[in-house]
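Participant: Each chain, written out:
Number of protein chains: 2
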Amino acid sequence: MHQGLKEFISENRELIQSELNKHLANLDIPVRLKESMIYSLEAGGKRLRPVILMASFRNYDHEINRVLPTAAALEMIHTYSLVHDDLPAMDDDDVRRGMPTNHKKFDEATAILAGDALLTYSFELISNDALLTDSEKVRIVQILAEASGPKGMVAGQILDMEAEKKDATLEELETIHTLKTGELFRFAIRAGAYLGGAQDKQIRHLDQFSRYLGLIFQVQDDILDVTGDPDIIGKPVGSDVSNEKNTYVKLLGLDRAVQKKNDYVDKAKKALREAGAETSHLMSLTDYFSNRER
Amino acid sequence: MHQGLKEFISENRELIQSELNKHLANLDIPVRLKESMIYSLEAGGKRLRPVILMASFRNYDHEINRVLPTAAALEMIHTYSLVHDDLPAMDDDDVRRGMPTNHKKFDEATAILAGDALLTYSFELISNDALLTDSEKVRIVQILAEASGPKGMVAGQILDMEAEKKDATLEELETIHTLKTGELFRFAIRAGAYLGGAQDKQIRHLDQFSRYLGLIFQVQDDILDVTGDPDIIGKPVGSDVSNEKNTYVKLLGLDRAVQKKNDYVDKAKKALREAGAETSHLMSLTDYFSNRER
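Chains S and L, in that order, are what the protein sequence lines are. Following UniProt numbering, the numbering of the first sequence begins with 1 at its first residue and continues without gaps. Following UniProt numbering, the numbering of the second sequence begins with 1 at its first residue and continues without gaps.
Some clues are possibly wrong.
Copies of the same chain look alike in the list, so a pair counts if it fits in one copy or across any two.
Said to hold, decoys possible - With a cut-off of at most 30 Å between alpha-carbon atoms, the simulated DSSO-like pairs for lysine-lysine come out as follows:
(1) Lys104 x Lys245
(2) Lys166 x Lys201
(3) Lys34 x Lys166
(4) Lys104 x Lys165
(5) Lys104 x Lys267
(6) Lys22 x Lys166
(7) Lys46 x Lys105
(8) Lys166 x Lys104
(9) Lys105 x Lys165
(10) Lys165 x Lys22
(11) Lys22 x Lys260
(12) Lys269 x Lys22
Treat the hints as calculated values from the structure; they're not laboratory data. All figures in this text were calculated on a predicted structure; none of them were measured in a lab.
Could you put together the complete structure from these sequences and hints?
Facilitator: This is how it looks when you write it as structure tokens:
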């Protein structure tokens, strides 16, 4: 990984970690609920979405405290989606990142409620953010709810479930990933740029960029399922294949999946240049996403 | 029921119904998700929480359009909580209000996602409300997230689950109901009063009132489980007893549960007088809650 990016990621991970700790430590709620929320928030997440948000913000502004609560809220939304996604009625996963999933560690009811709690608390956190204006808070709530709700991530999850029963086309696969994964990336990039003071035109180019970034992330996920090291990716290799999931590799074969990813990388970088953000950490993040090993 | 209250409820139910229809009809989302959300929103709910919100607002202001989106958001949150509460891992209910529960009509995964979608969309709806100022939207998001999240309703649900494994005391039972049911009532009354322009002191008295209103609602629920008509309440009589739930009737016996309810009614009305809202529909709603047959 590019040295500057490596430092950027590790610095910002620490910032987001202490922001998450701050909010959770002060939360006076039933013990089991709190333990379950913290368990999944602490379960080895790479904090990619908050880091992307912060990288996007840093193109336009440097006062990073202004985005920390929003970045923490985003990580909570992402975490809730994993907790619910792992449930027996959904993907039925027992292990995530090498650790028992929430409903395995606790129980199903607790996992459902911890997910609901993380989702709801993310909006509370934004509405209480002392560094944002009311107008900024409203805009962030609006685009976060759109990105994560029935028009966004939840739509992607239900389409993904429906597609599991049949063979999806490449177009259907792109729609699913754009909603299921891409919408939170898009939120990260939009929220960062908006709070940093980017112009609407720049944000439109960044929207294009984030669409491709989400797709790159997903193709690489599918590639790692076949070529990855199980100790590094934290789950058995080939689990998508045995679960008969629709993946890029299944649809295109490994070589053409890699080609597709490189095509997305080119398009992502073009969009980034058009947004005037070609020197930003978002550029090196694109390569990192494309080449990541876990 | 008091004639004026009957008209008030039926008029406001229609208003909230068309508000819900308006938001859902325009929602461009996957068909199955939309059907599942609408199914539970339309499944015979009495719209009590929106009606309470509107009754609270009407003490201070008459321009009822100003609270309709907030009232619709509240009904969505309440509905999501029922959908998740009915899941096999939670209360495992097959029937609600005489109809199959969401996961019985659709499936568990769809019910989980429909609940997530209703919860998230409620915040989107508030953030897009054209009639509220940004400062009002932020305040509503804040108190709604507090009431429904890990400090509020979700805390009540996890405490309720934990209490099922043992015999709860009266105090524990009150805490559970104050969180699980009372917090959304409190939100309804606070949000209505706040948007109507009530003073902070009045809102504090109304907070007291809403605490008792939630408890009255719950004791009557427990009483109806023993004395109700199954055709009217939409579930078998005695289902709480056979599920070994902690109820007021189990804890106190029927006669003392009725006494307890009457005690709550007296305290609720006293708080209402102190809030200067003794002539409002909230007064007759208190009697209605206490005497309801379903």
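Participant: Confirm or reject each hint.
Facilitator: Each hint, compared with the structure:
no., hint, verdict
1, Lys104 x Lys245, "both (22 Å within a copy, 25 Å between copies)"
2, Lys166 x Lys201, "neither (39 Å within a copy, 60 Å between copies)"
3, Lys34 x Lys166, "between (39 Å within a copy, 21 Å between copies)"
4, Lys104 x Lys165, "both (26 Å within a copy, 20 Å between copies)"
5, Lys104 x Lys267, "neither (40 Å within a copy, 45 Å between copies)"
6, Lys22 x Lys166, "neither (45 Å within a copy, 34 Å between copies)"
7, Lys46 x Lys105, "within (20 Å within a copy, 38 Å between copies)"
8, Lys166 x Lys104, "both (29 Å within a copy, 23 Å between copies)"
9, Lys105 x Lys165, "both (29 Å within a copy, 19 Å between copies)"
10, Lys165 x Lys22, "neither (43 Å within a copy, 33 Å between copies)"
11, Lys22 x Lys260, "neither (41 Å within a copy, 41 Å between copies)"
12, Lys269 x Lys22, "neither (36 Å within a copy, 41 Å between copies)"
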